[in-house]
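Colleague: As a plain string of letters, each chain reads:
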Amino acid sequence: MTLKEFWHRLGSPRWFYQISGHFGWAFGALALGLLVIGTFWGLAVAPPDYQQGNSFRIIYVHVPSAILAQSAYMLMGAAGLVLLVWRMKLADMVLATTVPFGMSMTALALFTGAVWGKPTWGAWWVWDARTTSMLVLLFLYIGLYALRQAVPRQETAGRACAVLAVVGVVNIPIIKYSVDWWLTLHQGATFKLTESPSMPPEMWLPLLVNVLGFYCFFGANLVGRLRLEILRREHGTAWVQELMAGGRT
Amino acid sequence: MSFGSLPEFFAMGGHGLYVWLSYGAALLVVFFNAAWVRFARRRYLREAADRMQRYPPAMRAAQETESGRL
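Chains C and X, in that order, give the protein sequences.
FYI, in the numbering used here the residues of the first sequence are 45 to 293.
FYI, in the numbering used here the residues of the second sequence are 51 to 120.
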């Protein structure tokens with residue numbers, strides 16, 4: 045299958061439904077394996093930080109959730125663009141089903157950040173560039189959720205959400221570079237493309253495993269949510285009726 | 051291993067409250083995301099099967115065209 049064919053087939057929720065079942069399970073199994081290994085490694089095996097002691101172990105849930113909060117948003121931005129340009133049905137479903145996941149990841153990143161801030165900075169919350177821009181991300185997710193609930197017509201709601209999602213992408217580089225542009229309490233990035241991590245491998249390897257685990261979990265969760273959304277929106281079509289009647293969903 | 055005993059592991063060098071609060075929250079978020087999908091899917095399939103029994107597809111299609119939903 046060429047890329048162009050793949051793109052055309054994505055226009056068909058039916059095709060996506062048929063191929064995605066196995067992917068969901070594969071992602072789920074991978075996520076479970078990676079998260080169990082990464083969490084045990086980070087919690088029990090990795091050495092304590094020379095300054096922060098054991099509180100630094102919060103990094104193994106804080107960084108993955110913060111990365112996923114932003115990745116999920118970028119996926120929504122891309123889906124929004126695809127919806128506005130090509131009017132692809134599946135893009136609107138991706139946009140709708142990613143919101144609750146991304147919102148929960150943003151809330152988790154903010155919560156674990158606050159809990160980490162208390163023993164490290166001496167405060168649960170500071171109006172720091174990084175924390176404030178993450179709070180804006182949470183509001184964007186809440187806004188996207190509220191907007192979809194507020195507009196009754198599905199197509200109009202989809203287009204309105206797509207515009208908001210695309211415009212909101214501007215916040216992502218602000219979050220990313222907030223630790224470089226402004227003087228902040230928040231430490232710099234752990235992983236950079238251009239240099240090796242500032243931590244020893246026995247500390248950053250479990251982090252890498254957990255980040256990959258969170259990505260796989262996102263994959264599994266998104267596939268699960270999308271498949272349900274497809275059944276809901278396409279319930280009037282012959283193929284869904286057939287599927288339901290045969291009990292082969 | 052970074053810890054000598056289980057109580058040491060739970061205490062996290064005095065940072066136990068913060069570490070376990072964070073991991074507890076993470077577990078809850080992951081669990082609820084996964085559980086929601088299973089729960090919502092099961093409920094939807096049950097409701098759809100109910101509707102299917104109460105109204106045969108032909109009748110429902112007629113109703114939905116009337117109310118402008120299709």
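Among these hints, one or two may not hold up.
A few chain X residues that face chain C, going by a derived Cβ cut-off under 8 Å, partial list only [claimed, not checked]: (1) 55; (2) 56; (3) 65; (4) 89; (5) 96; (6) 98.
Non-contacting residues of chain X with respect to chain C, defined by C-beta distances greater than 10 Å in every case (computed) [stated by the list, open to error]: (7) 88; (8) 94; (9) 99.
Don't read these hints as lab results, they were simulated from the structure.
Ideal Cβ placement from N, Cα and C applies to all residues, glycine included.
Colleague: Holds or violated: is the Cβ of residue 56 of chain X closer than 8 Å to a Cβ in chain C?
Modeller: Because about 10 Å separates residue 56 of chain X from the closest Cβ in chain C, which is outside the 8 Å limit, the hint is violated.
Colleague: Can you verify the interface hint for residue 89 of chain X: is its Cβ closer than 8 Å to any Cβ in chain C?
Modeller: With a minimum Cβ separation of about 10 Å from chain C (threshold 8 Å), the hint on residue 89 of chain X is violated.
Colleague: A cut-off of 10 Å on Cβ-Cβ distance, and residue 94 of chain X was said to be off the interface with chain C. Does that hold?
Modeller: Violated, since 6 Å does not exceed 10 Å.
Colleague: Would you assess whether residue 99 of chain X, listed as outside the interface, keeps its beta-carbon beyond 10 Å of every beta-carbon in chain C?
Modeller: 7 Å, violated
Colleague: Tell me if the interface restraint on residue 55 of chain X is satisfied: Cβ within less than 8 Å of some Cβ in chain C.
Modeller: 12 Å, violated
Colleague: Would you check whether the claim that residue 88 of chain X is not at the interface survives, using Cβ distances to chain C and the 10 Å cut-off?
Modeller: 8 Å, violated
Colleague: Do the numbers back the hint for residue 98 of chain X, that is, is its least Cβ distance to chain C under 8 Å?
Modeller: 6 Å, holds
Colleague: Hint validation: residue 96 of chain X versus chain C, beta carbon distance must be below 8 Å. Holds or violated?
Modeller: This hint is violated: residue 96 of chain X lies away from chain C, its Cβ roughly 11 Å from the closest one there, beyond 8 Å.
Colleague: Min Cβ distance, residue 65 of chain X to chain C: is it shorter than 8 Å?
Modeller: 4 Å, holds
Figure legend: structure checked against the earlier numbered hints; hints not met, in rising order: 1, 2, 4, 5, 7, 8, 9.
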